[in-house]
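These protein sequence lines are chains R and V, in that order.
Residue 97 in my numbering sits at position 70 of the first sequence; the count goes up by one each step and never skips.
Residue 266 in my numbering sits at position 218 of the second sequence; the count goes up by one each step and never skips.
Simulated from the structure, these hints should not be mistaken for laboratory data.
Computed from a predicted structure; not experimentally measured.
We put the CB at the ideal spot given by N, CA and C, even for glycine.
Please note: incorrect hints may appear among the correct ones.
To be verified - According to the in silico footprint, chain R covers these stretches of chain V (three or more CB under 8 Å from chain R):
no. : segment
1   : 88-94
2   : 133-145
3   : 187-196
4   : 265-279
Said to hold, decoys possible - Straight-line distance between alpha carbons at most 20 Å, and here's what the computed SDA-like set of lysine to any residue pairs gives:
no. : chain 1 : residue 1 : chain 2 : residue 2
5   : R       : Lys-244   : V       : Leu-340
6   : R       : Lys-306   : R       : Phe-337
7   : R       : Lys-306   : R       : Glu-280
8   : R       : Lys-244   : V       : Ser-236
9   : R       : Lys-244   : V       : Val-286
10  : R       : Lys-244   : V       : Tyr-123
11  : R       : Lys-244   : V       : Leu-143
12  : R       : Lys-306   : R       : Tyr-266
13  : R       : Lys-244   : R       : Ile-96
14  : R       : Lys-306   : R       : Gly-338
15  : R       : Lys-244   : V       : Ser-255
16  : R       : Lys-244   : V       : Arg-134
17  : R       : Lys-244   : V       : Arg-102
Claimed, not checked - Listing some non-contacts, in silico: residues in chain R with all C-beta distances to chain V over 12 Å:
no. : residue
18  : Glu-57
19  : Ser-169
20  : Pro-293
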Amino acid sequence: MARWPWQKKKPAVYGGNLTNRRAREILTAEGLRLPLTIASRGARAGAVLIDLFIVYFGLLLITLLFVWIVNGLHINKLDPKNPARVIFQALVVFWIIFAFLARNAWFLWFELGPRGATPGKRMTGIRIAARPGRDGAATRLSAEAVIARNLLRDVELFMPVIFIGSALRTSSDTTLAGWAALVWFAIFALFPFFNRDALRCGDIIAGTWVVEAPRRKLDAALSLGEAGQGISAVTGAHYRFGDTDLAIYGEYELQVLERVLRDNRPQVLAEVADTICRKIGWSAGAGDERAFLEAYYTQLRARLETGMRFGNRKADKFAERA
Amino acid sequence: MSTAVSRFGETLGGLFSRKQEAAIAAAEVASLRSDRFRQEREDDWRRLDHIVRRIEAGRIRGLSDADLEALPALYRMLVSSLSVARETTLDAATLRYLEGLAQRAWFVVHGPELGFRGWFRRFFAGGWSAAVRGIGSDIAIALAVMIAGAVIGWVLVSNNPDWFYTLMPPEPGDVRVPGASHAALYASLFGQTHQTDLSIFAAYLFSNNAGVSILCFALGFAFGVPPILLLVHNTTEVGALLWLYHGQGLTLDLIGWLSVHGTTELFAILLAGGAGIHIGRAMAFPGTRAVLDAASEAGRRAATVMTGVVLMLVVAALLEGFARQLINATAPRLAVGGIMLAWWLTYFFIYRGQVRTR
Numbered sequence: 028m029a030r031w032p033w034q035k036k037k038p039a040v041y042g043g044n045l046t047n048r049r050a051r052e053i054l055t056a057e058g059l060r061l062p063l064t065i066a067s068r069g070a071r072a073g074a075v076l077i078d079l080f081i082v083y084f085g086l087l088l089i090t091l092l093f094v095w096i097v098n099g100l101h102i103n104k105l106d107p108k109n110p111a112r113v114i115f116q117a118l119v120v121f122w123i124i125f126a127f128l129a130r131n132a133w134f135l136w137f138e139l140g141p142r143g144a145t146p147g148k149r150m151t152g153i154r155i156a157a158r159p160g161r162d163g164a165a166t167r168l169s170a171e172a173v174i175a176r177n178l179l180r181d182v183e184l185f186m187p188v189i190f191i192g193s194a195l196r197t198s199s200d201t202t203l204a205g206w207a208a209l210v211w212f213a214i215f216a217l218f219p220f221f222n223r224d225a226l227r228c229g230d231i232i233a234g235t236w237v238v239e240a241p242r243r244k245l246d247a248a249l250s251l252g253e254a255g256q257g258i259s260a261v262t263g264a265h266y267r268f269g270d271t272d273l274a275i276y277g278e279y280e281l282q283v284l285e286r287v288l289r290d291n292r293p294q295v296l297a298e299v300a301d302t303i304c305r306k307i308g309w310s311a312g313a314g315d316e317r318a319f320l321e322a323y324y325t326q327l328r329a330r331l332e333t334g335m336r337f338g339n340r341k342a343d344k345f346a347e348r349a
Numbered sequence: 049m050s051t052a053v054s055r056f057g058e059t060l061g062g063l064f065s066r067k068q069e070a071a072i073a074a075a076e077v078a079s080l081r082s083d084r085f086r087q088e089r090e091d092d093w094r095r096l097d098h099i100v101r102r103i104e105a106g107r108i109r110g111l112s113d114a115d116l117e118a119l120p121a122l123y124r125m126l127v128s129s130l131s132v133a134r135e136t137t138l139d140a141a142t143l144r145y146l147e148g149l150a151q152r153a154w155f156v157v158h159g160p161e162l163g164f165r166g167w168f169r170r171f172f173a174g175g176w177s178a179a180v181r182g183i184g185s186d187i188a189i190a191l192a193v194m195i196a197g198a199v200i201g202w203v204l205v206s207n208n209p210d211w212f213y214t215l216m217p218p219e220p221g222d223v224r225v226p227g228a229s230h231a232a233l234y235a236s237l238f239g240q241t242h243q244t245d246l247s248i249f250a251a252y253l254f255s256n257n258a259g260v261s262i263l264c265f266a267l268g269f270a271f272g273v274p275p276i277l278l279l280v281h282n283t284t285e286v287g288a289l290l291w292l293y294h295g296q297g298l299t300l301d302l303i304g305w306l307s308v309h310g311t312t313e314l315f316a317i318l319l320a321g322g323a324g325i326h327i328g329r330a331m332a333f334p335g336t337r338a339v340l341d342a343a344s345e346a347g348r349r350a351a352t353v354m355t356g357v358v359l360m361l362v363v364a365a366l367l368e369g370f371a372r373q374l375i376n377a378t379a380p381r382l383a384v385g386g387i388m389l390a391w392w393l394t395y396f397f398i399y400r401g402q403v404r405t406r
C-alpha cells in the first residue's frame with residue numbers, strides 16, 4: 028500500500044494479521060482477559076440494511092393488507108355515523124401505532140434480548156456490548172444504554188438520507204443553508220469512520236460498542252489417533268523426529284501448519300511437506316504427506332508445549348530459543 | 049487428577065458421566081498432555097455451550113433446573129480452563145473455541161441486570177422521576193428558552209403582524225389569521241364536539257409529536273444548540289397565537305384550549321429539550337471526566353427521561369384527540385390541564401420512590 032510522507036512506516040511484523048487492529052481486550056470480574064474484536068464497519072452497514080429492509084418490507088406488507096381489507100369491505104366511504112366505521116378507525120389507528128413501533132421499537136426489542144443483536148446483526152455475526160471502563164474492566168449492558176443508542180438513529184440515518192435526497196433533487200438551486208445542513212448531517216452519518224472503535228453517535232452517548240459474536244464449533248484435535256503417534260495409516264511408516272529437526276520452528280509456524288492440516292488441500296500439503304523435508308534434510312517421498320505432517324505437527328507441539336511449561340516460548344522461526 | 053475431574057463431572061450432571069468415562073479412556077491414547085487436558089473437560093464445555101445456546105435463543109424455560117444451577121459452576125470452570133489452556137496448549141482450535149465460548153457465556157452470565165419487567169417497575173417507582181430531577185438545571189434552561197420563545201413570538205407579531213405568516217405558515221381553510229373576527233376565532237376553540245375519527249387524530253398526533261421530540265433529543269448531540277432552536281421554534285408559534293386571540297379578548301379561552309393537552313405535551317417537549325441540552329452540555333463541558341464517559345453517563349440518564357417523554361406524549365395525544373374536543377367550556381378545560389400539570393410536578397419533584405439517585 029502506498030504511504031504518504033507524513034505517515035509513519037509500520038514495522039513489518041512477521042505473521043501479523045490485519046484483524047489485530049480491531050482486537051480489544053476486556054477484563055472480567057473473574058480476572059479473565061477476554062479478547063473481543065470490534066465489528067467491521069462493513070458488517071455493521073450490512074446489518075442495518077438487512078434490518079431496515081425487514082422493517083420497511085413488513086410495513087409495506089401490512090399497509091397493502093390494510094388497503095386490501097378497507098377496499099374489500101368498502102368501509103372507507105362510509106357515513107361517519109355508521110357504526111362499521113369503527114373498524115376503519117381501528118385499522119388506521121393500528122397502522123399509525125404499528126408504523127411508529129416498527130421504526131423505533133424493532134432495534135430496541137432485539138437489542139434488549141439475551142443476544143444483544145437485531146436479526147440483521149445476528150446474520151452478520153455481531154452484537155452490541157457495553158464499553159469497558161477506563162481500566163478495561165468489563166461492564167454490564169443496561170436497558171438505558173440500549174434505549175439511548177437507538178434514540179439517535181433518526182439523526183444518523185433518516186435525516187441524512189432525507190437531506191441528501193433533497194439536495195440531489197434540487198441540485199441546481201440548493202441554498203447555502205441546505206448545503207450546511209447536508210454537511211452537518213453527513214458528519215453524523217459518517218461518524219463511525221472518524222474514530223478507532225467505529226463508534227457511531229448513539230454508541231457514544233450510550234457507552235456501548237459493537238463487537239463480533241463468533242459462534243465456533245470445537246474442531247477435533249489433530250494430535251490424536253494413529254497419526255498423532257507418528258504412525259502412517261497408508262504406509263505403516265513410523266515418523267519420529269529428532270530434537271534438531273523440531274527446533275527450527277516456533278509457535279507461528281505450528282499455527283500455520285494446523286491451518287494447512289485443517290484445510291486439507293492435497294497440493295498445499297505436498298508443498299508444505301516438501302519445504303519441511305528440505306529444511307530438515309529428509310526425503311519422505313510422495314503420497315503420505317498428511318501422515319508426515321500430522322506426525323510433525325504433534326511432535327513439534329509436544330516440544331513447544333513442554334518448553335511453555337518451563338517458561339520457554341519460541342514465537343516463530345526467527346526467535347532465538349525454544 | 050482424572051478421578052477428581054470425573055467426580056466433579058458426575059456431580060454436575062449424571063447425564064454425562066458415561067461419556068466422561070469414555071473420554072477418560074480415550075485420554076489414555078492421547079499422547080499430548082494438553083490433549084488429555086482437553087478430553088477431560090470437553091463434555092463440560094459442550095454442556096455449557098448447549099446451555100448458553102438455549103438462553104441466547106430465549107428458550108430459558110426449556111432448560112432443566114439442573115442445567116440452570118450448573119451454569120455458574122460451568123462458567124467458572126470454563127474461565128479456569130481458558131486460563132490454563134492459554135499457558136499450556138498450542139492447539140489454536142481449542143483456544144479459539146474457548147475464547148468464543150467464554151465471551152458468549154460472559155454475556156449470558158453478566159447480561160442485563162434486570163429483566164424487562166424489573167426495569168419497567170424501577171422506571172415507574174422512582175427511576176423516571178429521579179432522572180428528571182437529575183437533569184433539573186437543563187430543564188430550567190429549556191424552560192427559560194421556551195418562555196423566551198413565546199415572548200419573542202408575541203413581540204414580533206405585535207410589532208408587525210406579517211410575522212404571523214412566517215411563524216405559522218397559513219394552511220388553506222385556517223381561520224386563525226390576523227384580522228380574524230371574534231366569532232371565527234371563538235368557533236375554532238369551541239363546538240368541535242361533532243368531529244369524527246378522534247382516535248385517528250390522536251394516534252396521528254402521538255406519532256408526529258413523538259418523532260419530533262426524539263429528534264429534539266437526538267440533536268442534543270451537537271452541543272445542545274439544535275434543541276434550543278427547536279424549542280424556540282415551537283413556542284414562538286404559541287406566542288403568536290396568544291397575541292392573535294388576545295386581540296379579540298379570548299386569551300383565557302385559548303389558554304384553556306391549549307392547556308388540556310398542552311400542560312402534558314409542552315411539559316414532554318420541555319423534558320425532551322432538557323434531555324438534549326443535558327447531553328450537549330455534558331459533551332461541551334465534561335469537567336474532570338473524560339468526554340466519552342461524560343457523554344455516556346448523560347446519555348443513559350437522558351434515555352430514561354426520553355422513555356418517559358414518549359409515554360407522556362401518548363397521554364397528551366389522548367387528551368388532545370378526545371378530551372379537548374369533548375369538553376366544550378373553558379373552566380373544565382383549565383381544570384383538566386391544571387390537574388395534569390399538578391400531577392406531573394408532584395410525580396417528578398415530590399415523589400421520591402424507592403430509587404434514590406441514578
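Here is what the structure says about each hint:
no. : hint                  : in the structure
1   : 88-94                 : holds (count 3)
2   : 133-145               : holds (count 10)
3   : 187-196               : violated (count 0)
4   : 265-279               : holds (count 5)
5   : Lys-244/R x Leu-340/V : violated (36 Å)
6   : Lys-306/R x Phe-337/R : violated (27 Å)
7   : Lys-306/R x Glu-280/R : holds (13 Å)
8   : Lys-244/R x Ser-236/V : violated (69 Å)
9   : Lys-244/R x Val-286/V : violated (63 Å)
10  : Lys-244/R x Tyr-123/V : holds (17 Å)
11  : Lys-244/R x Leu-143/V : holds (11 Å)
12  : Lys-306/R x Tyr-266/R : holds (16 Å)
13  : Lys-244/R x Ile-96/R  : violated (48 Å)
14  : Lys-306/R x Gly-338/R : violated (27 Å)
15  : Lys-244/R x Ser-255/V : violated (45 Å)
16  : Lys-244/R x Arg-134/V : holds (18 Å)
17  : Lys-244/R x Arg-102/V : holds (15 Å)
18  : Glu-57                : violated (5 Å)
19  : Ser-169               : violated (6 Å)
20  : Pro-293               : holds (21 Å)
Consistency note: the structure conflicts with the earlier hints numbered 3, 5, 6, 8, 9, 13, 14, 15, 18, 19.
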